[in-house]
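S.K.: Here is what each chain is made of, one letter per residue.
Number of protein chains: 2
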Amino acid sequence: MTHNARQRFGASAKLKLHEKDADDAAFSSRSANPELSKSKAKALDLKRIAALIDRIRALQDKLYAQHKQKVLLILQGMDTSGKDGTIRAMFNGISPMGIRTAAFKAPTDNELAHDYLWRVHQQVPVKGEIAIFNRSHYEDVLITKVQGMIDGDECQRRYAQIRDFERMLAETGTVIVKVFLHISKEEQRERLQERLDDPDKQWKFNPADVEQRKKWNAYQRAYEQAIRETNAPHAPWYVVPANSKTHRNLVVASLLLETLEGMDLAYPEPHPDLSSFTVE
Amino acid sequence: MTHNARQRFGASAKLKLHEKDADDAAFSSRSANPELSKSKAKALDLKRIAALIDRIRALQDKLYAQHKQKVLLILQGMDTSGKDGTIRAMFNGISPMGIRTAAFKAPTDNELAHDYLWRVHQQVPVKGEIAIFNRSHYEDVLITKVQGMIDGDECQRRYAQIRDFERMLAETGTVIVKVFLHISKEEQRERLQERLDDPDKQWKFNPADVEQRKKWNAYQRAYEQAIRETNAPHAPWYVVPANSKTHRNLVVASLLLETLEGMDLAYPEPHPDLSSFTVE
Numbered sequence: 001m002t003h004n005a006r007q008r009f010g011a012s013a014k015l016k017l018h019e020k021d022a023d024d025a026a027f028s029s030r031s032a033n034p035e036l037s038k039s040k041a042k043a044l045d046l047k048r049i050a051a052l053i054d055r056i057r058a059l060q061d062k063l064y065a066q067h068k069q070k071v072l073l074i075l076q077g078m079d080t081s082g083k084d085g086t087i088r089a090m091f092n093g094i095s096p097m098g099i100r101t102a103a104f105k106a107p108t109d110n111e112l113a114h115d116y117l118w119r120v121h122q123q124v125p126v127k128g129e130i131a132i133f134n135r136s137h138y139e140d141v142l143i144t145k146v147q148g149m150i151d152g153d154e155c156q157r158r159y160a161q162i163r164d165f166e167r168m169l170a171e172t173g174t175v176i177v178k179v180f181l182h183i184s185k186e187e188q189r190e191r192l193q194e195r196l197d198d199p200d201k202q203w204k205f206n207p208a209d210v211e212q213r214k215k216w217n218a219y220q221r222a223y224e225q226a227i228r229e230t231n232a233p234h235a236p237w238y239v240v241p242a243n244s245k246t247h248r249n250l251v252v253a254s255l256l257l258e259t260l261e262g263m264d265l266a267y268p269e270p271h272p273d274l275s276s277f278t279v280e
Numbered sequence: 001m002t003h004n005a006r007q008r009f010g011a012s013a014k015l016k017l018h019e020k021d022a023d024d025a026a027f028s029s030r031s032a033n034p035e036l037s038k039s040k041a042k043a044l045d046l047k048r049i050a051a052l053i054d055r056i057r058a059l060q061d062k063l064y065a066q067h068k069q070k071v072l073l074i075l076q077g078m079d080t081s082g083k084d085g086t087i088r089a090m091f092n093g094i095s096p097m098g099i100r101t102a103a104f105k106a107p108t109d110n111e112l113a114h115d116y117l118w119r120v121h122q123q124v125p126v127k128g129e130i131a132i133f134n135r136s137h138y139e140d141v142l143i144t145k146v147q148g149m150i151d152g153d154e155c156q157r158r159y160a161q162i163r164d165f166e167r168m169l170a171e172t173g174t175v176i177v178k179v180f181l182h183i184s185k186e187e188q189r190e191r192l193q194e195r196l197d198d199p200d201k202q203w204k205f206n207p208a209d210v211e212q213r214k215k216w217n218a219y220q221r222a223y224e225q226a227i228r229e230t231n232a233p234h235a236p237w238y239v240v241p242a243n244s245k246t247h248r249n250l251v252v253a254s255l256l257l258e259t260l261e262g263m264d265l266a267y268p269e270p271h272p273d274l275s276s277f278t279v280e
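The listed protein sequences derive, respectively, from chains A and B.
Using the working numbering, read the first sequence as starting at 1 and increasing by one per residue.
Using the working numbering, read the second sequence as starting at 1 and increasing by one per residue.
Among the hints, a few may not be true.
A pair counts as met if it fits within one copy or between any two copies, since identical chains are not told apart.
Heads up, simulated EDC-like pairs for lysine to aspartate or glutamate below, C-alpha to C-alpha not over 16 angstroms straight-line [claimed, not checked]:
id: 1; residue 1: Lys105; residue 2: Asp197
id: 2; residue 1: Lys127; residue 2: Asp109
id: 3; residue 1: Lys215; residue 2: Glu139
id: 4; residue 1: Lys38; residue 2: Glu139
id: 5; residue 1: Lys42; residue 2: Glu187
id: 6; residue 1: Lys38; residue 2: Glu19
Hints are computed from structural coordinates only; laboratory data are not their basis.
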């Protein structure tokens, strides 16, 4: 299978989210072969995801052994866009020793007493590690902007601070991948309704989500602007169609795999006198 | 007493350390009144230091109550230049609740597995706090440069990263004061010899210090360059003559006081309905 998810889903400086189809299934088996039945296509896609994760696992092992570079995968998206589900899918089969997740909820008093990058910097990956951020410092130019907690000037200052911060991370050995999980407003409605209707999912329902949903357009604009302002060759944004969970996982796994493939990973050279050792 | 230590000791873009007199006692009582005996002048200077710290304490209380701004005092200097002694003098009389020190020694394996700003960012002051750094991220453009662990290009990249980092701290409410404790090579010789000769100070002697001393000129150049490259209105460097401990403390206390005086500190407004409360 050839893949070039990075080219296909990379954000541009002129990104317009409303022009991006959240149902786009360009990477699915059905797109390659429209005659497949839905169920067969899905089974095939799940197999492909498993195969991608096998290859990610093999490269992650080299990343860990090499102990030189770091990978940071940032996941952002509207409520119900599938950040948790994506993380579960990526972790499935990869050693927890080399992959770590960090979730950024509403900041605590102590976090608010620091600059907004403080808590984020603490969680950046170490050498040999893949860190996945479930939300991130981008919340500080998204919810804060939409809720009017910061004005346009402060938002511009933060874009610059984020650009500087990510450039520093890149210059010190971190490969950054930023993913926006793109769902449609109708898809969110269905997922929120499902949380209300399904007794096993009601715990996930938060009335505040309905309030946020009323500001859908403002959030889309805030995302669009944040992505445009902070998209960089060393810290690229990808807009991943996420109405279909299977297709979303297929694309995110492809992005992660292509990123690792581009990193020149290799096991370190063995000790030069290896032949002189015997294990007795 | 009038003081303008910030003007007097501020570094310029053309700083040349060998033109700076480490014995300069412009702020001492004897400089104002040359007829004073040495012992009387010293007693007077110690009283003045205590008075400065009284005033720092009063402002620190407001800084803490206001819970809005932060102060970061960075101390750098050659071995034996008196970083520890300066910190002891500043702490003497100020509540440990609002002032905190962080020392940066040779990095651990875990610290080395992160970017060099990672451990530093963790220790930045919170709102209402004064943090004093005993060494800092500047070691990463000093010892690393002199020892050839980084080349000129990497050093330039780090100057830029440090400029960005400190600008972000300043933009998010941190007032930064950077102090280089300037001693002469002869003064260092005497202090190292004292450590060798005094049984109570021998524990402080480290043979590695003698090795570093051989690179005195290279260190002076590295400091000069780092100070020039990272001197900024929001993160100014001060070159403090430090051959005399008393004079050094007088100047550093003055710098800290003037900085706090420039910060518009005030107790927060009391609760509007204060008159309606009674404590029963």
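S.K.: Return the numbers of the hints above that this structure violates; sort them in rising order.
M.R.: Those not satisfied are hints 1, 4, 5, 6.
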